[in-house]
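Asker: Now for the letters of each chain:
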Amino acid sequence: MVISGIIDKHNRLWVRVRVAGYHASKEIWFRIDTAFDGELSIPVSLAVPLGLALVGESEYGISGGGVNRPLKFTASIQWGTKNRLSTVDVDQTAQPLLGLGLLNGYILLADFDKKTLVIKEAENGQKEIEKQPEKETEKKV
Amino acid sequence: MTINPQEEELQTLQERAKEYYSTVKTDIEAQRQENKTLIVGLDPKEKRYWIGETESEVVQKKENEGNKNLIYFIKLSAKESDSREKLLMSSVW
Chain A
3 MVISGIIDKH
13 NRLWVRVRVA
23 GYHASKEIWF
33 RIDTAFDGEL
43 SIPVSLAVPL
53 GLALVGESEY
63 GISGGGVNRP
73 LKFTASIQWG
83 TKNRLSTVDV
93 DQTAQPLLGL
103 GLLNGYILLA
113 DFDKKTLVIK
123 EAENGQKEIE
133 KQPEKETEKK
143 V
Chain B
4 MTINPQEEEL
14 QTLQERAKEY
24 YSTVKTDIEA
34 QRQENKTLIV
44 GLDPKEKRYW
54 IGETESEVVQ
64 KKENEGNKNL
74 IYFIKLSAKE
84 SDSREKLLMS
94 SVW
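These protein sequences, in sequence, are chains A and B. All letters in the first sequence, in the order written, are residues 3 to 143 by this note's numbering. All letters in the second sequence, in the order written, are residues 4 to 96 by this note's numbering.
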């Protein structure tokens, strides 16, 4: 699975994700924020019309000091060719953000020269395949 | 004025989660991994917790058990980590 994004003239990374709640779904451009440990973050104005399901809250420190306590919602998102569950922080942020939580298990390839961005699955499956012949060789010996 | 039950639950979630965490802290701390931050979801209502590599993994585990309660997320920093999360955990808890 490969997801393509863009790199803007300020070298910020963007990827478009369809987010669905109980009431509606919407394609949203998220800026990839490697300082954000969560999965997705959207402002209240975007979250309310979607009708996301409340799942709880969390607490974490923010740069510059202080603590943020975002409400945590869940949404169904289209992640490449797959539909999957994602948590969504809803707070006073002005910009939709995509954090490291959603990139867990994926490879992020950013070519700042060509301004291209690709997110693809980590090749765990490939590693397993590569290990197989070694096991068979051991058995034969 | 009546309060939505979920809103009432949310108002006290952090406080109840802290109380519950103090009772299971040793068990949770024992599950720390090398070089990997984990996410813990605490349900103080049913005294349950779930651990995963991501928040959505924690939510999926909870929902697979039919649990509908609100949960409080905390980070379980890696064993040898001096990360910001570890410092935050020590200050929060």
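Keep in mind that a hint or two might mislead.
Heads up, simulated DSS-like pairs for lysine-lysine below, C-alpha to C-alpha not over 27 Å straight-line [claimed, not checked]:
(1) B:K82 - B:K50
(2) B:K28 - A:K84
(3) A:K11 - A:K28
(4) A:K122 - B:K39
(5) B:K71 - B:K48
(6) B:K64 - A:K84
(7) A:K122 - A:K28
(8) B:K48 - A:K84
(9) B:K39 - B:K64
(10) B:K50 - B:K71
(11) B:K50 - B:K28
(12) B:K50 - B:K64
(13) A:K11 - A:K116
(14) A:K28 - B:K71
(15) B:K21 - B:K39
(16) B:K28 - B:K48
(17) A:K122 - A:K11
(18) B:K64 - A:K122
Just so you know, the hints here were simulated from the structure itself, not pulled from any lab data.
Asker: Indicate, hint by hint, whether the structure satisfies it.
Answerer: Here's how the hints hold up against the structure:
no.	hint	in the structure
1	B:K82 - B:K50	holds (25 Å)
2	B:K28 - A:K84	violated (36 Å)
3	A:K11 - A:K28	holds (25 Å)
4	A:K122 - B:K39	holds (21 Å)
5	B:K71 - B:K48	holds (11 Å)
6	B:K64 - A:K84	holds (19 Å)
7	A:K122 - A:K28	holds (22 Å)
8	B:K48 - A:K84	violated (33 Å)
9	B:K39 - B:K64	holds (19 Å)
10	B:K50 - B:K71	holds (13 Å)
11	B:K50 - B:K28	holds (12 Å)
12	B:K50 - B:K64	holds (15 Å)
13	A:K11 - A:K116	holds (11 Å)
14	A:K28 - B:K71	holds (25 Å)
15	B:K21 - B:K39	holds (23 Å)
16	B:K28 - B:K48	holds (16 Å)
17	A:K122 - A:K11	holds (23 Å)
18	B:K64 - A:K122	holds (24 Å)
In the structure shown, a violation is registered for the earlier hints numbered 2, 8, in ascending order.
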